[in-house]
Amino acid sequence: MSILSPEQKAIQQAAKDFVAKNIIPNAAEFDKSGEFPMLLLEASKASNIFAMAVPKEYGGLNYDALTQALVLEEWGYGCAGMGTTLAASVLSMDSVLIAGTDEQKRRYFKPMLNAEIGSFGLTEPGAGSDAAAGKTTAVKKGDEYILNGTKCWITNGGFASVYVIFALTDPAAGVKGISAFILERGLPGFTIGTTDHKLGIRASNTVELLLKDVHIPVTNLLGKEGEGMKIAMKTLDMARPAIAALSVGLAQRALDACVKHVQATFTGKTYPGQTLQFKLADMQILVDAARGSLHEAMRLRDAGLPYSKESAICKTFCSDVAMQVTTMAVSLMGSWGYTSELGKYMRDSKIMQIYEGTNQIQRLVISRAVLAPPPAAAAPQKAGN
Amino acid sequence: MNFELTEEQQLIGQSARDFAKEYLEPIAVELDHTGEFPKKVVAALAKHDFLGLLLPGTVGGAEAGFVSYVEVIENLSRYSAAVASIVNNHTIAAYAIQNWGTADQKKEYLPGMAKGDTLGGFAIFEHGPTPGVGPDALVATKHDVGYVLNGKKAFVRNAGEAGVYIVFATMDPAAGAKALTAFIVKADAVGVKVGEKLETMGLKGCPVADITFENVVLAETALLGAVNQGVAISAQALAVASVAEAAQTVGIGQAAVEHAAAYAKQRVQFGKPVAVLQAIQTLLAEVATDCHLARLGLQNAALLIEEGKPFEVEAAMIKSFLVRLGSKMLLDTCQVEGGFGYSETMPLPRLFRDIAGTNLLDAPGDFPEKLIAASIA
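Chains as they are written, first to last, in our numbering: chain A, 1 to 385; chain B, 1 to 377.
One chain only, chain A, in its complex shape:
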């Protein structure tokens, strides 16, 4: 168990209470219907939790990274779909935190103070892992940009008030021609396409965004023209641990369900053989190690130290752990596992290995860091140049 401050413990407990009251009782219903749980946003107003990453000067809760991870673990424990709604809203804010002006921050963060959500639109049908292959364009005309294109698999897209959207301002410049923009809901030409029906995280809203001659003022450009990819990558660095946190919650939930089932099944007797006991031990080892890797990355970030590699590591490890633990849970618990809520945890876990950078992309990032020359060797070379 991680050593937390009294304040972090209190916030963690409040998140547990919120999840027990508002998320766990509703999770199965929204998983089944695939509807977006508006009631969640309503219930969040009192705690202002969608503003947990908003700095104090903008009226937010200003939680540090570790504390945000604690909250997201609890949401992942309750329902990874609903947790994804919170994580994706924070993700979109991260772009504005990284590159926004004071005015842009004020504007973007304001809805979050009222339990409204944001959405991050990078992916396109032909641009998944290869995020730079996007075709959406933004053409500058006078004091406006005009956006055209299609974004897909956009989390929160159907219900967000504010969006960060990536588009090419200079198609010839490739990666360096991508820019980031703030969009508001309801702009003429900005519409919601089809809603994706997914294997899991079905309470989270995943849609196509259609942009047809959408006019926005030049003041909606985040950072400078051509900085879009840099902003997107920094945003994902910041946001990836959120997926790790949801994953730890998922894995813990599956383990708890197994333990409860085993305890109920083998009442008053010694537990069955070492094989099951050791499998449960393995699950606990994985959950603890996953949580440890997440907290380590968050402590680095909170200390202002580089954490890009650790961010990729914890995203990869925690999501792999969630997949492994939930899969073990279904298999080990036999027919009960297959007909119980464990199936949802297994379905929900799969996306953790895919979205916000597939675990293959994370491994590229990590292997580059591993293979990079050590700083001591790199330093003289730099000086020489």
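In case anyone wonders, no lab produced these hints; they're calculated from the structure.
Every value quoted in this text rests on a predicted model; they were computed, and no experiment measured them.
Okay, the calculated bits of chain A under chain B, using three or more residues with CB under 8 angstroms as the criterion:
1) 128-142
2) 197-205
3) 255-267
4) 325-335
5) 338-349
No residue lacks a Cβ here, since even glycine has one placed at the ideal position from N, Cα and C.
Assemble the complex: chain A is given as a structure, and chain B must be docked to it using the hints.
Okay, now just chain B, sitting in the frame of chain A:
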């Protein structure tokens, strides 16, 4: 040593593939959506002699060997594992009657089962960890004209659709599993109540439910095998069933890896198809390898069954292998397809949900490794 299927085995496999393409491929998605029992498909299976595969010709069976049978199950599973599961549960019930039934029992039940007029179900599991033990156990009491059943069986496949169930009950709750005894119970016997269909993540269309038995009076002739022979019968029948279940897993895995390989060839990222990336090749290669090894292992066990040789250890090995690696086939193929592999408009999510139901342990605490470890000389 010969790793080639005989011509006959290949032909039966091919006919199952042709059948699956014609009858299962068009309905698989719909079946997964509605979860309604596919009556028409089951009638077509019967018409094409897929419901009496293991039974002798004398009762109208196809008299195919077990190797052919697992070929059929794998090929059906490529298109609908739910339908394969219906066939397998039915077949194992018929197998039990064929193996342990009296001449009269065979005559009474098998012709209808071979023809597909009567579907079979196999009621072994209970909510407690060991059938015949604990407060939930189904109890059979000796009665002047036969037996009376009281209690509940859990997770019965083909429940509500089967006309006959092989039901395991303990004759002595104090003795628990040692007194486990098998009975043939007709679905329309007074006091047999099928509970609500349980929700499952996959294999939708192959119903699963609990069955309650309330003072169900059985004639002496309902006894299958001998009193207290239940553990032996269920162990062997479940082992046989698990080999066919492994063929379900392999069929699903094979369908998934072929889909993912085709996807990888046409999905362009970073200027080239992702199929050229080593990371993608590794994922696909490992799944194909696991599928291949699992198929060899299950065919080996199937051949032992067919030849009447001891097969239990080999069956346990393939189960152990697939409990570890079965679901991974879909975890990795979905990964190859990324966001597309997570969208229910694509095929892999259904296969993901199906495969998770084909490599389950019989109960928490029940491990195939026990038998394997004991067999190592």
